[in-house]
Every structure is written in C-alpha cells, then in structure tokens.
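The task is simple: from the sequences and hints, build the whole structure.
Below, each chain spelled out in residue letters.
Number of protein chains: 2
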Amino acid sequence: MTITVGALREAAAGERRVAITPEVARKLHGKGVRVLLEHGAGEAAGFPDQSYAEATFADAQQVLAQADLLACVLPPVDAVFEQMREGATVVGQLRPHGAATRIAALGRRKLTAFALELLPRTTRAQAMDVLSSQAAVAGYRAMLIAAEACPKFFPMLTTAAGTIRPSRVLVIGAGVAGLQAIATARRLGAQTEGYDVRPETREQIESLGAKFLDLGVSAAGTGGYARELSVEERAAQQQALADHLKVVDVIVTTAAVPGRPAPKILTAAMVGGMKPGALIVDLAAEGGGNCELTRPGERVEHAGVTILGPLNLPAGAPLHASEMYARNVYNFTELLLRDGAIAPDFSDELVARTCLSHGGEPRFQG
Amino acid sequence: MTITVGALREAAAGERRVAITPEVARKLHGKGVRVLLEHGAGEAAGFPDQSYAEATFADAQQVLAQADLLACVLPPVDAVFEQMREGATVVGQLRPHGAATRIAALGRRKLTAFALELLPRTTRAQAMDVLSSQAAVAGYRAMLIAAEACPKFFPMLTTAAGTIRPSRVLVIGAGVAGLQAIATARRLGAQTEGYDVRPETREQIESLGAKFLDLGVSAAGTGGYARELSVEERAAQQQALADHLKVVDVIVTTAAVPGRPAPKILTAAMVGGMKPGALIVDLAAEGGGNCELTRPGERVEHAGVTILGPLNLPAGAPLHASEMYARNVYNFTELLLRDGAIAPDFSDELVARTCLSHGGEPRFQG
Chain A
1 MTITVGALRE
11 AAAGERRVAI
21 TPEVARKLHG
31 KGVRVLLEHG
41 AGEAAGFPDQ
51 SYAEATFADA
61 QQVLAQADLL
71 ACVLPPVDAV
81 FEQMREGATV
91 VGQLRPHGAA
101 TRIAALGRRK
111 LTAFALELLP
121 RTTRAQAMDV
131 LSSQAAVAGY
141 RAMLIAAEAC
151 PKFFPMLTTA
161 AGTIRPSRVL
171 VIGAGVAGLQ
181 AIATARRLGA
191 QTEGYDVRPE
201 TREQIESLGA
211 KFLDLGVSAA
221 GTGGYARELS
231 VEERAAQQQA
241 LADHLKVVDV
251 IVTTAAVPGR
261 PAPKILTAAM
271 VGGMKPGALI
281 VDLAAEGGGN
291 CELTRPGERV
301 EHAGVTILGP
311 LNLPAGAPLH
321 ASEMYARNVY
331 NFTELLLRDG
341 AIAPDFSDEL
351 VARTCLSHGG
361 EPRFQG
Chain B
1 MTITVGALRE
11 AAAGERRVAI
21 TPEVARKLHG
31 KGVRVLLEHG
41 AGEAAGFPDQ
51 SYAEATFADA
61 QQVLAQADLL
71 ACVLPPVDAV
81 FEQMREGATV
91 VGQLRPHGAA
101 TRIAALGRRK
111 LTAFALELLP
121 RTTRAQAMDV
131 LSSQAAVAGY
141 RAMLIAAEAC
151 PKFFPMLTTA
161 AGTIRPSRVL
171 VIGAGVAGLQ
181 AIATARRLGA
191 QTEGYDVRPE
201 TREQIESLGA
211 KFLDLGVSAA
221 GTGGYARELS
231 VEERAAQQQA
241 LADHLKVVDV
251 IVTTAAVPGR
261 PAPKILTAAM
271 VGGMKPGALI
281 VDLAAEGGGN
291 CELTRPGERV
301 EHAGVTILGP
311 LNLPAGAPLH
321 ASEMYARNVY
331 NFTELLLRDG
341 AIAPDFSDEL
351 VARTCLSHGG
361 EPRFQG
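Those sequence lines, one after another, are chains A and B. Residues 1 to 366, numbered by UniProt numbering, are exactly what the first sequence covers, in order. Residues 1 to 366, numbered by UniProt numbering, are exactly what the second sequence covers, in order.
Just so you know, the hints here were simulated from the structure itself, not pulled from any lab data. One or more of the hints may lead you astray.
Repeated chains share a single entry, so a pair holds when one copy, or any two copies, can fit it.
[Unchecked claim] Each computed DSS-like pair below joins lysine-lysine, with the alpha-carbon atoms no more than 30 Å apart:
#: 1; residue 1: 110; residue 2: 264
#: 2; residue 1: 211; residue 2: 264
#: 3; residue 1: 31; residue 2: 264
#: 4; residue 1: 27; residue 2: 246
#: 5; residue 1: 31; residue 2: 275
#: 6; residue 1: 264; residue 2: 275
#: 7; residue 1: 110; residue 2: 211
#: 8; residue 1: 246; residue 2: 275
#: 9; residue 1: 27; residue 2: 275
#: 10; residue 1: 246; residue 2: 110
#: 11; residue 1: 264; residue 2: 27
#: 12; residue 1: 110; residue 2: 275
#: 13; residue 1: 211; residue 2: 246
#: 14; residue 1: 31; residue 2: 110
Quantities reported herein were computed from a predicted structural model and do not represent experimental measurements.
Spelled out as structure tokens, the structure:
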C-alpha cells in the first residue's frame with residue numbers, strides 16, 4: 001500500500017515556511033510516496049500549488065485524515081493531532097521542551113512523533129539538522145536587519161566629499177548563526193569581529209576574514225572544553241567586554257540554546273556605555289535575549305542605542321529556508337521508510353533520540 | 001564681524017539627517033564662523049548636542065533670528081523663512097522645481113538662496129554634489145531592503161543539506177544609485193546584472209563584477225550619446241526585457257530624474273510574467289516610480305510579486321548620509337565666503353546656476 005506524506009499550510013502568525021517543497025515532493029514521489037498538501041501550503045514560501053508537479057492538494061481535514069506521516073515546520077495546535085489517523089507519524093520541529101500537553105495530545109491518537117530539534121550533532125545527522133540549517137538563515141537575516149537599521153554604511157565608501165569609514169561590527173557567539181552573521185557582515189565590508197567563550201572558534205572566525213575578539217581572559221581547559229571561570233576572571237571578562245563595546249557600531253548576539261533561556265551577556269550598563277546611534281540585534285530574543293534590555297519582537301531605545309529583538313528570523317527568507325528545511329525532513333524521513341512502509345528502527349540513535357512519542361507512549365521528558 | 005551659520009532640527013516626517021555635523025562645525029569654527037544649532041538638531045542622525053564641541057545651541061527662533069546662513073537638508077516650511085533675518089542666505093536641497101511659492105517666500109525676506117540640486121555635474125562641483133552623495137546612500141539602502149525582503153538568500157550557500165543557489169538580481173539604471181546598488185548586491189554574493197540605456201555604462205557595471213544586460217537593441221549614436229529608438233526597436237527592447245525578467249528574483253530600479261516624473265520602465269504585464277516570490281524595490285518611488293504598479297511609500301502585491309516603493313532612503317542611514325551631506329554643504333559654503341563675509345561671486349557658474357533667489361529677486365524658473 002502506498003504511504004501518504006502530508007503537510008499543512010503553517011498556521012503560526014508570521015510563519016511563511018513550508019515543510020514540503022516541490023523539490024522534496026518530487027523526491028518522495030520518486031520513492032513511491034504519495035504527497036498530499038493543503039491548498040496553498042507553499043504559497044507564502046514562494047511555491048504556489050501549480051509549482052508542485054508531483055503532489056495532490058486537498059483541504060486540511062482531508063490531509064490530516066489521509067496522512068501516514070505529517071511533516072511540519074512548527075508544531076501545530078494540539079487539536080490538529082486529534083484529526084489525524086490513529087497511529088500516524090509526525091516529523092518536524094515540535095518544541096519538545098516543556099511540551100507535556102503536546103505529548104499528551106499525541107498520545108490520545110497513538111501517534112508517533114519525532115522532534116528534529118533533538119537530533120544529536122553527529123556527522124550523520126548533519127543532513128537532517130534543522131537547527132543548523134535554520135540558524136544559517138537566522139544569522140544571515142539578523143545581519144541584514146542590522147545593516148538596514150544601522151545609521152551608518154557598513155562598507156567603506158570613497159566619495160568626492162571624502163571617505164566614509166566602515167562600520168565596526170561585533171558578533172557574539174560563533175555557532176552556525178554567528179558564523180553566518182560574521183560572513184554576511186564581512187561580505188558587506190564591515191570591520192568585523194567575532195567573540196565566543198570557546199577558544200576553538202578563533203580559527204573559524206578568522207577563516208571568514210574577521211578578527212577574533214580576545215578579552216584577555218582564557219577559558220581554555222583540558223580536552224578542548226572551556227573551563228568554568230572564577231568570579232574574578234568573569235568580572236575581568238565583563239569589564240573587558242564593556243570597554244570594548246564603546247567603539248562598536250553594531251552588535252549581533254547569537255548565543256541561543258534551544259529549549260533554555262538565552263544567557264544574558266550584555267547588561268544595561270554595557271549598553272549605556274555604547275556610542276549614540278549604536279545598534280544591537282538580538283538573535284536570541286525568542287529565548288529572552290542575550291541582552292538584558294531586549295524585548296522579544298520589539299524595538300527598544302536605551303541611551304541612544306537601539307535594541308532589536310526580531311522573532312522567527314528564518315521565516316523571513318521562507319523560500320530558501322523551506323528548501324533547506326524540507327531537505328532535512330526528507331533525509332530524516334528516509335530513515336523511517338522501509339519497503340514502502342513507515343518502520344522506524346529504534347536501534348538507530350537518530351531515531352531513538354528524536355522520538356517524543358511512539359504509538360502514543362511518551363518517550364521524552366523535556 | 002563674525003558670521004553665524006545655523007541649522008535647525010529637520011522637520012519633515014521621517015527625516016533624520018542634519019545639515020551640519022560635528023566635523024563640519026569644527027571646520028567652520030576653524031574658519032572663524034560661529035555655528036548655531038537648534039537643540040537636538042543632530043540627535044536623530046547620531047550626533048547629540050554634546051558631540052558638537054564647536055557649536056552653540058539655542059531654540060529654533062533664536063537660530064533663525066541670528067543665522068547669516070541657514071543650512072538645511074530639505075526645504076523648511078515657508079513660515080521658517082519669514083523668521084529669518086532680512087538678507088540672510090539659505091543653502092541646501094530646496095526642491096527648486098515647481099517651487100514658485102517657496103521662491104516668493106524667500107523674496108518677502110529678501111533672502112538669497114542656493115538649491116544644491118541645481119549644481120552642474122562638473123568635476124569642480126563633485127565635492128558639493130548632494131544628489132550624488134545621497135544617491136549613493138539610497139542605492140546601498142535600496143539593495144539592503146531588497147536583500148532583507150527577499151524570500152531567498154542572496155549568496156550561494158553550501159550546507160549539509162545541499163546547495164542553495166544565489167539570487168539573480170537586476171539593477172535598472174546605472175547612475176550613482178544604481179552602481180552602488182550593484183556593488184551592494186555583488187558584495188552580498190548575488191548573481192548581479194545591470195541595465196542602462198546608455199551603452200557607456202557597460203564598463204562601469206562590469207568593473208563592479210556584474211554583468212551588463214544586453215537587450216540586443218543598440219541605442220549607440222554619434223558623439224557618445226544614445227540616439228532615439230524607433231517604435232519597432234523600442235518594442236523589441238521592451239519584449240526582450242519582459243522575457244529576461246522571467247528568470248530574475250530581485251529588481252532594483254533607479255532611473256530617477258530630479259524634479260521630473262520617473263520614467264515608467266516596468267509595466268504591469270512585465271511584472272505579471274515574473275516568478276512568484278520575486279521582488280521589486282523601486283528607488284524612484286518619490287517621482288512616481290519606474291514601475292507602473294509602484295505606490296510611493298507602500299508595499300504592493302501583484303501576481304505573487306512584491307513591489308516596494310520606499311521613500312527618502314538616505315534618511316535611513318542618517319549618520320553617514322549627514323556626514324557626506326554636511327561636507328557637500330561645507331564645500332559649497334566655502335565658495336560663498338570672502339574675508340569673513342558672505343559674498344557670493346555670481347561669475348562662478350556653481351554659484352550662479354544654483355541661485356534661486358538673490359536678495360529676494362527670483363533667479364530660477366523651475
């Protein structure tokens with residue numbers, strides 16, 4: 001029997017991505033899978049229904065009634081699960097932490113659900129790693145937002161009326177988002193620095209042509225891990241950062257830890273010491289922000305400094321974000337398929353560790 | 001007697017630039033000129049009052065009562081002129097075309113006014129050329145707005161989940177704004193093309209690493225000027241452009257002519273043929289737009305294509321835009337000063353051609 005993979009039009013406010021793109025629909029079709037999408041599912045991402053040559057379109061109720069596997073970008077409201085066929089599978093970002101109610105809703109329909117945020121960060125998982133692919137989009141977009149909101153030019157400009165000096169940009173946190181933000185600032189010609197508590201990021205930051213900001217306090221420990229700083233060392237580090245911020249035009253902070261509140265790195269006092277006209281874009285706003293003054297989704301002015309806390313940055317570049325996301329979903333879904341049926345192999349750690357609920361039995365305590 | 005150069009806080013909605021920056025205040029001070037600014041004049045540009053070491057601050061009325069020369073970014077409302085001292089001078093962008101009422105207001109106070117938009121585009125005028133300096137800011141910002149609003153990445157991205165192809169960007173019009181837009185798109189890694197009816201722009205476009213879009217219709221005439229196209233040639237050119245637009249992700253149009261309505265280059269039918277998710281940023285929105293569908297200051301959706309018509313783009317990067325503008329004003333003001341007095345030399349074409357009103361006598365019919 002042919003299995004059906006479905007996707008709805010995402011319902012969250014401002015969400016423009018789609019979990020199945022025309023490219024992935026074609027690949028699923030090639031595997032003998034039927035693709036069933038809600039009317040207009042890809043429209044906001046730049047994929048109108050007619051761009052899906054290998055998919056069938058129906059209303060949401062029909063998609064839910066027929067899908068053996070439902071792919072989603074963000075978790076749907078719990079009522080959606082109630083409309084699914086018993087024993088079906090859900091794959092996507094399911095925000096597993098603190099999601100007891102959601103897991104209970106999955107249980108009522110005996111659903112099996114995989115939260116892709118829980119993938120281990122191994123080599124094999126990279127092709128499915130939605131956190132990485134979407135963080136790349138977030139880092140790129142955060143820096144574009146910064147460039148657009150900045151009262152200065154990023155690049156140096158030589159004009160008949162003299163030279164305009166490039167902006168000084170600091171990116172805090174050099175994970176996927178941070179590195180993409182650094183790359184974007186460099187492309188735009190800004191004088192760019194990156195900072196991370198993990199000393200091994202120095203090489204990655206420098207390989208992008210940026211400078212590693214050295215605060216003179218080394219947290220290098222044994223085995224490549226950062227060691228805990230003493231209270232005095234931490235105070236010295238904070239002071240060194242505060243002093244450095246006085247010359248910076250733009251900060252993009254990217255120190256987000258999924259499912260946990262974002263670490264507070266920039267204090268109100270540090271912001272108060274910055275130049276008038278300086279700008280902070282806090283990519284960690286969703287988790288409360290890396291800056292004490294950040295208000296998620298809002299623009300804050302403090303002592304002449306602007307702090308932006310944009311939400312759901314990947315949804316702002318929905319076409320490419322969806323392309324990467326759908327490929328991640330496809331690569332994970334391949335793991336679940338065997339002989340034309342959905343048959344997850346729980347001896348595979350990628351399957352086992354992402355499972356929220358199996359046949360309705362909770363598998364994750366977030 | 002010491003002369004006083006003044007500037008107000010700009011009053012137009014959304015205007016954040018200032019005509020006198022701390023750098024220019026210092027230079028004027030060095031020439032023995034007193035600088036008198038309205039409280040907060042530079043604040044929105046990132047120059048709080050305390051950043052001006054060599055200026056005096058007062059309220060608007062005092063500035064107007066004491067200024068021998070008033071510098072402005074945009075023309076103030078006519079009532080402002082009435083508060084100036086008789087015979088004083090005004091320098092700035094004065095929107096001279098169709099400004100009979102403004103010229104009459106200048107006359108009532110016997111003011112002498114210079115509209116910097118009227119500078120001839122000669123080598124000597126370059127250092128004062130506000131249209132060029134502000135167009136550079138506009139072109140840069142238009143492309144940032146495009147990158148931010150684009151559903152795709154501009155650069156190519158190689159990820160664990162496959163490659164993301166770069167966006168295809170077309171810039172129409174290769175003047176100062178267009179070339180800056182091209183440079184910005186190139187910096188961001190987009191596949192960039194430039195188009196202009198003037199064949200001599202090919203070299204400039206190519207020197208930025210972009211491709212010159214050749215529509216196969218040559219308008220090359222004698223003496224380096226473009227010749228008028230025949231009706232058939234123009235139709236062929238339009239058709240070739242429409243065909244080409246089908247593969248483009250982003251268009252930035254920059255064909256603006258100061259004081260005249262912008263030429264309509266993109267028809268509704270051309271837009272209708274573009275890809276869903278495509279984006280047009282119309283830098284000529286202020287003059288009505290280069291696209292038939294543009295609504296100044298608004299966002300229009302048409303057949304899946306988004307058309308943005310942003311207004312006053314230079315005000316969005318007020319710090320650097322003001323730095324360049326103030327240098328332009330300073331360089332022009334130097335022309336007017338002789339032995340510590342304002343003594344315009346009307347035998348200088350830069351002075352003669354920009355003069356709107358001399359001692360109240362109208363000098364320009366716009």
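Do the hints match the structure? See the list:
{"no.": "1", "hint": "110 / 264", "in the structure": "neither (40 Å within a copy, 60 Å between copies)"}
{"no.": "2", "hint": "211 / 264", "in the structure": "within (23 Å within a copy, 46 Å between copies)"}
{"no.": "3", "hint": "31 / 264", "in the structure": "neither (47 Å within a copy, 49 Å between copies)"}
{"no.": "4", "hint": "27 / 246", "in the structure": "between (52 Å within a copy, 25 Å between copies)"}
{"no.": "5", "hint": "31 / 275", "in the structure": "between (57 Å within a copy, 29 Å between copies)"}
{"no.": "6", "hint": "264 / 275", "in the structure": "within (20 Å within a copy, 43 Å between copies)"}
{"no.": "7", "hint": "110 / 211", "in the structure": "neither (52 Å within a copy, 57 Å between copies)"}
{"no.": "8", "hint": "246 / 275", "in the structure": "within (6 Å within a copy, 45 Å between copies)"}
{"no.": "9", "hint": "27 / 275", "in the structure": "between (52 Å within a copy, 23 Å between copies)"}
{"no.": "10", "hint": "246 / 110", "in the structure": "neither (56 Å within a copy, 47 Å between copies)"}
{"no.": "11", "hint": "264 / 27", "in the structure": "neither (43 Å within a copy, 43 Å between copies)"}
{"no.": "12", "hint": "110 / 275", "in the structure": "neither (57 Å within a copy, 42 Å between copies)"}
{"no.": "13", "hint": "211 / 246", "in the structure": "within (17 Å within a copy, 41 Å between copies)"}
{"no.": "14", "hint": "31 / 110", "in the structure": "within (26 Å within a copy, 83 Å between copies)"}
Consistency note: the structure conflicts with the earlier hints numbered 1, 3, 7, 10, 11 and 12.
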